[in-house]
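Student: Residues per chain are reported as follows:
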Amino acid sequence: MPSIEAHAELARRNQAVLDLLLPLCDAHSEWVTTVAFYKAVHIAEAVFKHEDGSDSTDHWDRNQRLRLDHSETWKLYSSLWMASRVARYLECGDPGTRHHQSYSTFSRHRTPSQVRNLVSHNLRKIEQWAENTIDGGILFTVPQATS
Amino acid sequence: MSLTNDDLFIRISHDDERDVSFVTEDENRFFLSVSETIAAGRIHIQRRDELNETAERVRALQKRAAMWWKSHSPDIKAAYLSYRQGRFTFLVIQKGVPLNEKLEQDLIELDIQLAKSLEVRPLSAEVMLLPECDDACIHTFVPKADRRLIPHAVH
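Protein chains in written order, with this note's numbering: chain A, 1 to 147; chain B, 1 to 155.
Accuracy of the hints is not assured; some may be wrong.
Stated by the list, open to error - Using C-beta positions, here's what the derived DEER-type ranges look like: (1) B/K144 / A/K125: 35 to 41 Å; (2) A/T133 / B/K102: 25 to 31 Å; (3) B/M67 / A/G137: 42 to 48 Å; (4) A/K125 / B/G96: 24 to 30 Å; (5) A/N132 / B/P143: 37 to 43 Å; (6) A/D55 / B/R87: 17 to 23 Å; (7) A/T105 / B/E56: 41 to 47 Å; (8) B/D135 / A/K125: 32 to 38 Å.
Stated by the list, open to error - Derived lysine-lysine pairs resembling BS3-like cross-links, with alpha carbons at most 27 Å apart: (9) B/K144 / B/K95; (10) B/K116 / A/K75; (11) A/K75 / B/K102; (12) B/K95 / B/K77; (13) B/K77 / A/K75; (14) B/K102 / A/K125; (15) B/K70 / A/K75; (16) B/K77 / B/K144; (17) B/K95 / B/K70; (18) B/K102 / B/K77; (19) B/K116 / A/K125; (20) A/K75 / B/K63; (21) A/K75 / B/K95; (22) B/K102 / B/K116; (23) B/K70 / B/K144; (24) B/K144 / B/K63; (25) B/K102 / B/K70; (26) B/K63 / B/K102; (27) B/K77 / B/K63; (28) B/K95 / B/K63.
Treat the hints as calculated values from the structure; they're not laboratory data.
A quick note: this is a predicted structure, and the numbers were derived from the prediction, not measured.
Glycine included, each C-beta is placed from N, C-alpha and C at the ideal position.
Here chain B stands alone, though its shape is the one from the complex:
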């Protein structure tokens, strides 16, 4: 049996003068006028689209960070991507304490690429390089709860 449009959709037309009755999964019941229902739907669609777009940008940022880590992994002890106060930080812990100047310069190049990337913008992202140190030291820069390891980025 083929489905008609009526089987697939609940049609709410702007010229319908009746209220819309909602029943949620926890049996909560409420009513909205048709215009309120349409307004709520529009807000939801806008929010959904924004969330999808942000998720795509976060994936692009994760991919860039992971690729950079991969190409520099022999020099890296660990790398984290964290989100705090509206900004992402790509925190790289180098191997050893003496500054790895080449790694720093390459990380700064990545920083500029991320800032200019149309895939990542307008997400706010910055980079930070730390010498090899223990977990408590890293905490000063990014609290443990905010840290997400770049997949496989621990040596």
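Just chain A, with the same shape it has in the complex:
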């Protein structure tokens, strides 16, 4: 059962990957979306751990608690959840096939600009919600070093 700090550390590691991927978002928006979603998962779990010490058993369990107890956060999280499922699972099919004609790439559905907004707006707001809820200086992103 991971601690709040363990979830925060995993969130920070996801952010480190996001920092590497974001400049490549035009080419790899599926992965930006996927990593952003899993960072949000750890943030939500850290909040739940803070609230009552519990861990979600699966996505459904986590989603339902967000829906019912944190509706405003769920609105932000839900976009990430749906986007990451499309990014991971929607079949594109082989070029030249009917599948490919109807849906060729994730970036035709959700543009890189929209994906960047998922990170800069949705994920950032989720992070702020968690930092305000948990308090005590927990960080889900390593602060940028100032020179």
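Take the given structure of chain A and dock chain B to it, following the hints.
Tutor: Same frame as chain A, now just chain B:
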């Protein structure tokens, strides 16, 4: 001729010491004690009530999904309500591939309403929005056999 209670009912009283004989439509015959018969009846009533209540909740869910579809139909290619692994999924296929952000936000609002609806709870229901794609693509999310089209929800 008016019917007496005896004409309408087979009365089985808890203090009756005889067994109850049953004959089914396929001529299967079996016996239960009175206490077993009463216990079986109670289980049936509870199950029947639970099924009726679940059916009402499913109808409420179908109605909500259909109303939502109706008010958003110009933007929707197709919509399905499926049941799989103990959960309902309201799967909406938008028109066109580029994300319809307004449709997504409205669908998320519906998702919250369903989760909080006293008519629908405690049924488990979630929503999912997909870009316009062919049937094989949708299969990844909900197998064809589990899909039920929302009535008239195909454009």
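Student: Are the hints correct? Go through all of them and say.
Tutor: Each hint, compared with the structure:
A hinted range of 35 to 41 Å for the beta carbons of B/K144 and A/K125 is consistent with their spacing of about 37 Å. A hinted range of 25 to 31 Å for the beta carbons of A/T133 and B/K102 is consistent with their spacing of about 29 Å. Checked against the given bound of 42 to 48 Å, the beta carbons of B/M67 and A/G137, roughly 46 Å apart, stay inside it. Distance hint check for A/K125 and B/G96: the Cβ-Cβ separation is about 28 Å, which falls inside the suggested range of 24 to 30 Å.
Here the CB-CB span from A/N132 to B/P143 is close to 41 Å, well matched to the stated 37 to 43 Å. At roughly 20 Å, the beta carbons of A/D55 and B/R87 sit within the given window of 17 to 23 Å. At about 43 Å, the beta-carbon gap between A/T105 and B/E56 stays in the expected band of 41 to 47 Å. In this structure, B/D135 and A/K125 meet the distance hint of 32 to 38 Å, their C-beta atoms being roughly 36 Å apart.
With a CA separation close to 20 Å, the supplied pair B/K144 and B/K95 stays within the 27 Å bound. The suggested pairing of B/K116 with A/K75 holds, with an alpha-carbon distance near 14 Å, which does not exceed 27 Å. For the hint pairing A/K75 with B/K102, the CA-to-CA distance comes to about 12 Å; that is within 27 Å, so the pair holds. Using a Cα cut-off of 27 Å, the hinted pair B/K95 and B/K77 holds, with the two alpha carbons roughly 5 Å apart.
A C-alpha spacing of about 23 Å is found between B/K77 and A/K75, which places the hinted pair at or below 27 Å, so the restraint holds. A hinted pair counts as satisfied when its Cα atoms are at most 27 Å apart, and B/K102 with A/K125 qualifies at roughly 19 Å. Taken as a hint, the B/K70 and A/K75 pair is honoured in the structure, with Cα atoms around 22 Å apart against an allowance of 27 Å. For a cut-off of 27 Å, the pair hint linking B/K77 to B/K144 stands: about 16 Å separates their Cα positions.
Between B/K95 and B/K70 the alpha-carbon distance is near 14 Å, which keeps this suggested pair within the 27 Å criterion. Taken as a hint, the B/K102 and B/K77 pair is honoured in the structure, with Cα atoms around 15 Å apart against an allowance of 27 Å. Between B/K116 and A/K125, the direct Cα distance comes to roughly 23 Å. Compliance with the 27 Å bound is thereby established for this hinted pair. Between A/K75 and B/K63, the direct Cα distance comes to roughly 23 Å. Compliance with the 27 Å bound is thereby established for this hinted pair.
At most 27 Å may separate the alpha-carbon atoms for a hinted pair to count; A/K75 and B/K95 meet this at roughly 22 Å. Between B/K102 and B/K116, the direct Cα distance comes to roughly 21 Å. Compliance with the 27 Å bound is thereby established for this hinted pair. Of the pairs offered as hints, the one joining B/K70 and B/K144 holds, with about 23 Å between alpha carbons and a cut-off of 27 Å not exceeded. Under the criterion of a C-alpha separation no larger than 27 Å, the hint pairing B/K144 with B/K63 is consistent with the structure, at around 22 Å.
Distance check on the hinted pair: B/K102 and B/K70 sit about 15 Å apart at the alpha-carbon level, within 27 Å; holds. Distance check on the hinted pair: B/K63 and B/K102 sit about 22 Å apart at the alpha-carbon level, within 27 Å; holds. A threshold of 27 Å between alpha carbons decides the hint, and for B/K77 with B/K63 the separation of about 19 Å falls inside it, so the pair holds. This hinted pair checks out: B/K95 and B/K63 have alpha carbons roughly 22 Å apart, not beyond 27 Å.
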